[in-house]
Amino acid sequence: MPIKLIEFWYPEGLSFFARTWKNLMLFLEEDLAVMLMWRLLFTPLFHDVTIVGRILSFLFRLIRIVIGLFAFLIFTILLILLAGYFLSLPVLAVFDKPGLVSRILFLLAVGLFLMHTLTHPRKKVWQVSKEDFWLSSKIQKMDLTFKKLLESPEVIDLLSYLEIQLNGFPGYEISDKQKAGEVAFELAKKSGSQYIGPRHFFVAVLADIPGIDSFLIRMELTPLDFEKALNFLEKKNQTWKRVWIWDDDFTVRHLKGVNRGWLGVPTPVLDLVGFDLTKEAATNNFLGLVRENQQVISEVVNILSQTSGRNVILVGASGSGKTALIKHLAKQIVLGDAPQALAIKRLVLLDLSKLLSGIQNQGDLANRVKTIFEEVEFAQNVILVIEEIQDLGLGEVGASMNLYSLMQPYLESDTFQFIGTTEPENYSHVLEKNKAFVRIFRKIEFPPATGDDTLKILEDRAIEAERKSKVKVTFVAIKTTVDLSQKLVRDRVLPDSAVNIFNEALTQPINKWVTKGLIRKIVSSRVKIPLMEVGTADKIRLLNLESEIHSRFVSQEQATKAIANTLRRSATDLREEDRPIGSFLFVGPTGVGKTELAKVLAEVYFKSLGAFVRFDMSEYQNQESVIRLIGGEGIEGELTESIRNRPYALLLLDEFEKANPKILTLFLQVLEDGRLTDFEGKLIDFTHTIIIATSNAGSLNIVKSLEQSKSWESIDREVSEELLKTFRPELVNRFDDIVIFKPLSYQDLTRIVNLKITALQKQLKMKGYLVEFTPELLTVLAKRGYDPILGARPLRRLLQDTLEAQFSKLILEEKLVKGSPFKAGVELLG
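For the sequence shown, our numbering begins at 1263 and goes up steadily by one.
Hints in this document: simulated from the structure, not taken from any laboratory.
Any given hint might turn out to be false.
To be verified - Derived SDA-like pairs: lysine to any residue, alpha-carbon spacing no greater than 20 Å straight-line:
| # | residue 1 | residue 2 |
| --- | --- | --- |
| 1 | Lys1490 | Ile1426 |
| 2 | Lys1266 | Leu1406 |
| 3 | Lys1439 | Glu1489 |
| 4 | Lys1392 | Gln1402 |
| 5 | Lys1385 | Leu1406 |
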């Protein structure tokens, strides 16, 4: 201990004061800008090149230099005196008898040494090698047990961010502590931690815990999720950590803010029509905005740093992060991380609506544009940002006041710099057609963010949300946001789709926590797709789906079984996720239940007839029908809008064979890829839709073959051959199943009569009429309604013309009284 105290007092003490002096000098230089004033000693302030202006500028900068040097000298002397006093404290405490203050300070320093020794490892992670990792560990080898790890606040915190209950974690005894420590050391280095803590050891031994695989599967987690959650929490600690001037990791930016050289000049007109992003970056940290696409960032910075051809246009989908990247550049300038060519630049976002505000004619606009660029030219440090640059009035987007023609001379001049943004479709349809524009701007494609990029953006936002509003976001919630955004949100790209969901979740925390369940609830509400876990009741319903369907639908066991199997696969995610839930071609004679089964399925599975979307394809036989379905100029597509508004639905395409061939071609993509592009180029997601197409093709063959008692294999083969005469083979093969419907037998119709009469009885009872039907009535209805060719359709008309008509008459005549029993017999049929 005495040797350690001597090391602490002298070698480490000298290092401490030397490091503090160096950091202090850098901080003073960053704040007082002495070297900058020296470089600009003969440069006039605010571009004032008059003799008086030059003299005043020289005196101002010289005074700043003198003040800075004086500050350097004073603080250096003070620090030397303080260091000398500290280093002499042990001697003064022993030999200076009246030095009570010295003794007290010495004892305080010793206490500080003891506290630091007891609470901190001897070395930091980056100060030791892999062989000496125990020197940077908060846990000694003899104290390393799994039980103690689980009890540590750090690990409890980690598990809470993974939404894992502590009592549900399997037990374990660490056998190879050396190996665990080596892995923990690498994890600490990777996460940027100063020391190896309980969290690092816990994640290090995770893979060795018996039964951990099955446990993680139940939790829907992987070992990599633990490592990412660990990195997330370490990032949070680093973000929140206060760094002092004497710390090893204290850093000073080489240039902070803009106009520190007093070179900038006012731009009053530009300020009226623009938004200074660098000024905003000085007060707003823009945290969690830009993804780590260093290649794109470097390319933008490289172009902007050149002396000619230095205009950039970022081409990327809306929501991909183009504006965020520009804000990131503004933040780099403010923090001093920008290269020298951009270090004193201002990024000003030009608001086109403000630019045109109050303008009466082209002449007024020309004068305003001229004034703005005169200010920009005189300032010499402005980069103009123009979002949606195609709106300048270029090409087919031309407006009555064509801004592009007014700004073209300035765009073509190397005196000015611009950053533009646009979407790929606008670039190809509008901008690329203008050769001069293509020559002026260097195109940089900005693809949507990856899942990992988006995860990091949301992590930064979660850290900031917890710091500001004390709302905690679990790592699992962040991961779920990214996963579900990629999988379900098709009308936006990453990171915008995920950030939008994340921001909504921050406004609805449960007990100050944002969890996976909350994210799933929000996404489910947005995309209108249920995302809740399959509960016990749902499992029973899915297992008994055939029985539930047959309680409302008669016969057609093959069709019912095929549908039920598909829905069970969907509920357990055992299906191709980039295709519809299921796609079926129902083939059979008219009136055998093809449409009825689709309606029953919508009510049973989707729990709502509102999820039933029906199109009679006989109404879509001409070429203009394509526009009706997917939209056109000023026209919303009937199909695309229906599925966009309710993607979780059953889509019924009745009489599919009658649709125009171009429409059949559209469904090739829908059935294969689960998506369709509408007129505006937006993707419509069909991957949560059941598609059922019906056709009468081959129905006569089915009837004849059944009359000849042919086998189902033979009938199936004949119907398939008939379908290939009606539809293209590739379209038929896109369906998950071709389901053949049999003609209804008399027994089938009797059961249908029972279902219809029961439904009518319930309908009357809901209105207060207690009606009972005689067995004779049911028998007569079955006989009169039976038609081997037309199936159950005559029965529906019979019920409408007889029973429903008679009951309506009886109600109006007040012969059917609410609350009084009424027996309906054959006499009602007339």
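Below or equal to 20 Å on CA atoms is what counts here, so check Lys1490 against Ile1426.
It holds: about 15 Å lies between the C-alpha atoms, which stays within 20 Å.
Under the criterion that the straight-line Cα-Cα distance not exceed 20 Å, is the pair Lys1266, Leu1406 satisfied?
violated (25 Å)
For a C-alpha distance cap of 20 Å, please report whether Lys1439 and Glu1489 respect it.
At roughly 19 Å apart (the allowed maximum being 20 Å), Glu1489 and Lys1439 satisfy the hint.
Has the given pair, Lys1392 with Gln1402, been kept, meaning a C-alpha gap of at most 20 Å?
Holds, because 16 Å separates the two Cα atoms, which is no more than 20 Å.
Is the Cα-Cα distance between Lys1385 and Leu1406 20 Å or less?
With a Cα-Cα distance of about 19 Å, the restraint between Lys1385 and Leu1406 holds, given a limit of 20 Å.
Hint 2 from the earlier list is the only one contradicted by this structure; the remaining hints agree with it.
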